[in-house]
Structures are given as structure tokens and as C-alpha cells.
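Novice: Each of the two chains sits in its own frame; use the hints to bring them together as a complex.
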Amino acid sequence: MKIVIPVDEKSIESTVCQSFGRTPYYLFYDTEGGTSEFQDNSAAASQGGAGIKAAQLIVDEKTDALLTPRCGENAAQVLRGAGVKIYKTMNNSIKDNIEAFKEGKLSELKEIHPGLHNHRG
Amino acid sequence: MKIAVLSGKGGTGKTLVSVNLAAVAKDSMYVDCDVEEPNGHLFFKPEEVKTRQVAVEIPLVDPDKCTGCRVCVDFCNFNALAWIGGELKVFDEICHSCGGCIVLCPEDALAKKEKVIGQVQRGVSEDVTVLTGMLNTGEASGIPIIKDLLKDIGEKEQTFIDCPPGSACIVMETVAAADYCILVAEPTLFGVHNLHMVWELVKLMGKPCGVVLNKCLEGENPAEKFCAEKGIEIIGSIPFDSELGLLNSNALIAVRENAKYEKLFRDLLLRVTREVRP
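Residue numbers (this note's numbering), protein chains in the order written: chain A, 1 to 121; chain B, 1 to 278.
Don't take each hint at face value.
Label pairs and their computed distance ranges (CB to CB) [stated by the list, open to error]:
id: 1; chain 1: B; residue 1: Asp108; chain 2: A; residue 2: Lys102; range: 42 to 50 Å
id: 2; chain 1: A; residue 1: Lys10; chain 2: B; residue 2: Glu233; range: 48 to 56 Å
id: 3; chain 1: A; residue 1: Thr35; chain 2: B; residue 2: Thr188; range: 28 to 36 Å
id: 4; chain 1: A; residue 1: Asp8; chain 2: B; residue 2: Val276; range: 49 to 57 Å
id: 5; chain 1: B; residue 1: Glu200; chain 2: A; residue 2: Lys110; range: 25 to 33 Å
id: 6; chain 1: B; residue 1: Ala176; chain 2: A; residue 2: Glu13; range: 46 to 54 Å
id: 7; chain 1: A; residue 1: Ser11; chain 2: B; residue 2: Cys169; range: 58 to 66 Å
id: 8; chain 1: A; residue 1: Lys10; chain 2: B; residue 2: Pro106; range: 31 to 39 Å
id: 9; chain 1: A; residue 1: Asp8; chain 2: B; residue 2: Asp241; range: 48 to 56 Å
id: 10; chain 1: A; residue 1: Lys10; chain 2: B; residue 2: Arg52; range: 51 to 59 Å
Listing some non-contacts, in silico: residues in chain B with all C-beta distances to chain A over 12 Å [unchecked claim]:
id: 11; residue: Ile235
id: 12; residue: Phe240
id: 13; residue: Leu246
id: 14; residue: Arg274
Okay, derived cross-link-like pairs now, SDA-like style, lysine to any residue, Cα gap no bigger than 25 Å in a straight line [as the list claims (entries may be wrong)]:
id: 15; chain 1: B; residue 1: Lys113; chain 2: A; residue 2: Gln47
id: 16; chain 1: A; residue 1: Lys85; chain 2: B; residue 2: Val90
id: 17; chain 1: B; residue 1: Lys89; chain 2: A; residue 2: Ser36
If you're looking for bench data, these hints aren't it; they were derived computationally from the structure.
In this text, a Cβ means the ideal position worked out from N, Cα and C, and glycines have one as well.
Next up, chain B with everything else stripped away, as it sits in the complex (with noise of 0.2 Å):
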């Protein structure tokens, strides 16, 4: 099973779920799909570390072929070409790499040529492998990083994807290799807004999904209270808890440190399989 797991937004603890439910399913993959920065690597601390690159193709102009028709410049729905005085400028950090400016070339004056955007990382640590993408900085699109992630899951029986925040292209990528998506929600107002967008989303692929409540406290929680008003199924919550937090932020994985959490994590993995395999 392929289990994605999302937020509308940063520090919602997707990362701290995912890590943790991978790190309690044994021989499992974790994949961390959160290229502009991800961290999953910080906490397994991988081992036997091997590292391809991910490239993109771009266009190459050759200028003693170009005439200066511009179609290529008009096509280009991201600006990523210009005319200027007397030849054609590629700006390569704007450019998606369609490939159209090459398709529509009537001179054959573009050809491709190979840019590497990042790369992925693969290890293991213990019986967990672990993957992670890297896109580097200032780099247009990390798509086609998660394209490449993606090749390799399915070869474990239990996979656990760690998105990109939000509820852009970027995690409708991810979202769509996954069986099931767990969405995590801090007990806010922001929190519940951006549940609320990324329960639009995954509702809208066609996903199952359930909802994981983080730094729960007494009180009222508005992530609860939306997902009974939706009929969202909530599949387990982790308290606010000084000790969780400090485990997480000296990059330990709680399930390897504390019985408790151990059971907190397996038991979220129990709900979770019940409800992909039901």
C-alpha cells in the first residue's frame, strides 16, 4: 500500500507522521517528496547513501539558424525567451521545459539540451529505505524530481510518501501515486483552512482519505469540529506533548526512542491498513 501523507501547509507534522509510521511498519520505504526542503533524511539518518541526478531539457539556440521569427518567444507561456538586439536570449531558471519553443522552431534553430535540477538520494536506515528528493535552489519546477521518486515505489509492500505543503501541481503529482492519503491538521483556524484545501483536493482525485489531529490539547479543537461537519473520518491524534517535541526536534524518530510513542504509531498503521484493506 502507497499512503501519502499531506497538510495544506508547513509544520503541520507531516513529516513527523510519515517518518514515524515508516519507521514502525519494518521493511518499509519512505519517500520524501518535499523537494524545496526536504528533511525526512535528518531524522533516519540513511546509510549506503547512493545519489543520481535528475535532469531537464531545455533549448539550445543555434544562432547561425535562427532568424528572429519569435514564434518560440510568442509561444512561451512562461516568458522563458526573448529577442534581443538581433538574438534570441534563453532564460534557463524560467524555462519548464515543455519543449514546445523546440516542437514550433520552423528554422530548426533550437535543439535540447540536457539541465540537472536536482537529484535523489537512496539509503536505508535500519529496515526502512529511504528516498529523497532535492531540487536545487531557485530551480523552476521540482516535478520532475517527484517523477523520478516515484519510479521506485511499489517495490516495498508498505510505502509512505511525505508531500510538499500545500495543495499545488506539486502535491497533485504525488497524490496521485498514492492508495490512500492521510491528512494532517493542527487544531487552528489557518490549520483547519488549509485542511480544508487539501481535503478539497483529494477528494477531487478521487482518493480515500482520513484525518490525523496533531498537537491536540484540551479544549475545542476547529480541525475536529470541521471534520465532523464534513463526515471526515479522523484516524488517530498525537497530544502537544515537550517530550514528542523535543525527541522531533533533535531529529530522533520517536518509535525508535519510546515505547509510547511506539504504540501511538502502531496503532495509527493498524487504522490505517484497515482502511486501505478493509
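Chain A on its own, in the form it takes in the complex (with noise of 0.2 Å):
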């Protein structure tokens, strides 16, 4: 299974970005082979909508499942569309989340923001 979490640094020992939109980077990591990869976020710099580029890279790269503490509606939109499940981040720690994956215990996100966007630009 092909995960991804938003992180804060190109490291595993790094910790979970609060962002997912404007993350700096992306680790992508398969369950099966224990394999992580990481991508810098072409969204991040966006000037709007970075959630739903964001989540067009993540559903191009054909992910199964996204880690992460918050999520918005558009971006939200976009990866249930295309089937990628959304879970809920426990911690800042980007190892405590994939073993909790693993294990099962991490639950789906449930409240989905309704964009922190700046209606002031």
C-alpha cells in the first residue's frame, strides 16, 4: 500500500507538517517493501488552490491512503474522488504514524475544514 504524509523536512526523522496544502515536501511510503521516497510540494508556493494541486500530485502518483492532522474541503474533495483515504495524524512523528497505520489504529478524518483561504488577496 502507497501512503503519504505532509513533512516538515527530506528526513523520516523529521516531523509531520501542520499543512498539508503548503507542506514543503511529501514522503510517500510503501507499507510492503518498507520503501520512502520524498517529493517536493509543487503547490506550496501556489497563489491559490494549493490544496487542490496538491492533491492532484498525491492522486497522480497514485496513492492509497494520505496521513495527515488537517485537511481541507477542496483538497478533500479531490482525493475522494479519486478513492485516496484520509486519515488522521496521532502525533508530529512521522514513524509513530506509519507504525500506527500499519497496525490499524489510526482513524479516518473526520472534520474537514472549510479552507483557510485568503479572501483578502
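Specialist: Now the structure itself:
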């Protein structure tokens, strides 16, 4: 299973990023092979719709699940439309969350926020 | 003459100044361009209100023609389009209606569809024509409403434009239509910071301007000091006065209620007129 986590730095020892759409990097992790790959988030500097673009990136990578502390409604629409499951992270440790996911201990993210868009731009 | 009333931030007194100037000017026009939260109409309580809808054009997908080439997805600066599960999805609220995706689509799969984003209300209050732009909640940009509002300015000899707060694109759109800008400033450091930004903007746009000091108290006024340093003309000052505050908080127009304020704003209007037509 291929999962993705927004992360602050390109290291498994780093932390889960609090923002899904504007995180600097994503960690793609293969739960079967235990392999990890970091990717720059090309959506991070978007003028608007960062969540949509980030979600598109994740869909294009044929990811099965996203582990994130938060997710906006537009991004959630893209992810769900492509069948990507969204799980809520339990703390900010990447390793803890991967382990918890493998053991089936993470719950699906229920609270989808209406977006943090800057309407005064 | 078309006068834009600006301030770098909200709550400084743009509406107080523009409403009272329009009311004292007689046979004038008041245009509320603060389309995200217009409140001038609360003071004027216009009658014979006529409403016109303002719409923008956004893309409409023909799924039979779309081949999923993603030219539009990659083009959109605001990421208003996504290709999900073999279908193109348009996020209507994110779209800034530039029309680029429609032009670029090689399959001719995107058509134009109208979307109403707000309205313009036009009414009268005594001899003042009152125009109010109202943007629906959650829309990306109020600029199309401002453009629609500004079509009507120039009908009257004297027009007063109540600008949106800040110094972003929407304010530039409004300032571009003006002959002269009144910058309303508060006597606080925060107020000075915002005054600085909005002053830079009108300077950049080549518009003549003057400052009205609002909420003036005894003692040092940082906004006044800033104007002296930069050589900006101060064209009036309004006291921090509970009587004025009370009238304003009851949505009454000060110049229509009290001769003292009628004189204050009449003097300011004379000064502005002299600045515009020396």
C-alpha cells in the first residue's frame, strides 16, 4: 500500500507538517516494501488552490492513503474523488504514524475544514 | 470630480468621511466599493432601490469532448481545475474567470457559463445617488463588481468613492478611477504603518492625495508626524468625539444631524475642491 504524509524536512526523523496543501515536502511510503521517497510539494507556493494542486499530485502518484493532521474541503473532494483515503495523524512523529497506520490504529479524518483561503488577496 | 476615500486598514473612518462628504456636497453620488462588507447604505438608507446582478464567466466542461490532456489543469494559476478519476472537475469558487483554460483547450471541450457573484444596488437618499456593490460570500474576487459600479460614475458633478480597506488589487482598481485620493489616518503606530502602504500605492499610481486625520486626541499624533516627515498635505482633522461616535454608531449621518459637523465636512469639501481644481 502506498501512503503519503506531509513532512517538514526530507528525513524520516523529521516531523509531520501541520499544513497539507502548503507543506514543503511529501513522504511517499510503501508499507509492503518499507521504502520511502521524498518529493518537493510543487503546490506550496501557489497563489491559490494549493490544496487542489497538492491533492492532484497525490492522486497522480497513485497513492492509496493520506496521513495528515488537517485537510481542506477542496483537497478532500479531489482525494475522495480518486478514492484516496484520508487518515488523521496521532502526533507529529512520522515513524509513530506509519507504525500506527500499519497496525490499523489510525482513524479516518472526519473534520474537513472549509479552507483557510485568504479572501483579501 | 471623483474623490476616492482610502485607508490602509478597516475601521479608520473611510465610510464616515465619504458618507458625510457626499451628504454635504448635495446632488452628488456616493459609491460603496467596499464590496465585501458595504455599510454606507446603512447610513443613507436609500429609497427606490434598483438591483442589478453581476456575473462572471467560468468554464463549463463537455465531458464527451474532454480527453484528459490536462492543458487547462497545468495552466490555471489558481488551481481551479483538477483531473480526477477520468473526469475534469472545475472548482467554481476558486476560478478567477480569466478565461485562459477556454482559450487553450485543444479539444474545444470548455464552454463559458455565467455565474452570479454579487449585485449592484442603486437608490437615492435626499439628493444623493447611492450605489452599493455587494459581493456574495466566498467569491474569489470583488473586482468585477467594482468594474460594474464604476461604469456609472461621472453622471454627477461630484462623486465620492468609499474604497475597500488595504492596498491590494481591488483598491488599485478603485483608485484608478479617481481624480484625487483622501487618505484617512488614525493616530496610532499601526495606523501609520497602513497609511504608509496606501500612500505608496497612490503615489505609484500618480494620484494627488491629502490626509484626513481622524480620531484626533490631545498630544502627539504619529500620523501627523508621518505626514510632516513625508511632506504629505493634511487637509482636515476630525476630533475623537463621543457625540460624533454616538451619531455614527446609530447609523445617522452627522452632517444631517448637527450644524457643527455640517461645518466641519463643508470646510473639508471646500478644501478638497480647491486641491482638485486649484
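Novice: Each hint: holds or not?
Specialist: We went through each hint and held it up to the structure:
| no. | hint | verdict |
| --- | --- | --- |
| 1 | Asp108(B) / Lys102(A): 42 to 50 Å | holds, 48 Å |
| 2 | Lys10(A) / Glu233(B): 48 to 56 Å | holds, 55 Å |
| 3 | Thr35(A) / Thr188(B): 28 to 36 Å | violated, 57 Å |
| 4 | Asp8(A) / Val276(B): 49 to 57 Å | holds, 55 Å |
| 5 | Glu200(B) / Lys110(A): 25 to 33 Å | violated, 46 Å |
| 6 | Ala176(B) / Glu13(A): 46 to 54 Å | holds, 53 Å |
| 7 | Ser11(A) / Cys169(B): 58 to 66 Å | violated, 39 Å |
| 8 | Lys10(A) / Pro106(B): 31 to 39 Å | holds, 37 Å |
| 9 | Asp8(A) / Asp241(B): 48 to 56 Å | holds, 52 Å |
| 10 | Lys10(A) / Arg52(B): 51 to 59 Å | holds, 54 Å |
| 11 | Ile235 | holds, 28 Å |
| 12 | Phe240 | holds, 27 Å |
| 13 | Leu246 | holds, 30 Å |
| 14 | Arg274 | holds, 35 Å |
| 15 | Lys113(B) / Gln47(A) | holds, 24 Å |
| 16 | Lys85(A) / Val90(B) | holds, 21 Å |
| 17 | Lys89(B) / Ser36(A) | violated, 30 Å |
Comparing the model with each earlier hint shows violations of hints 3, 5, 7, 17; every other hint is respected.
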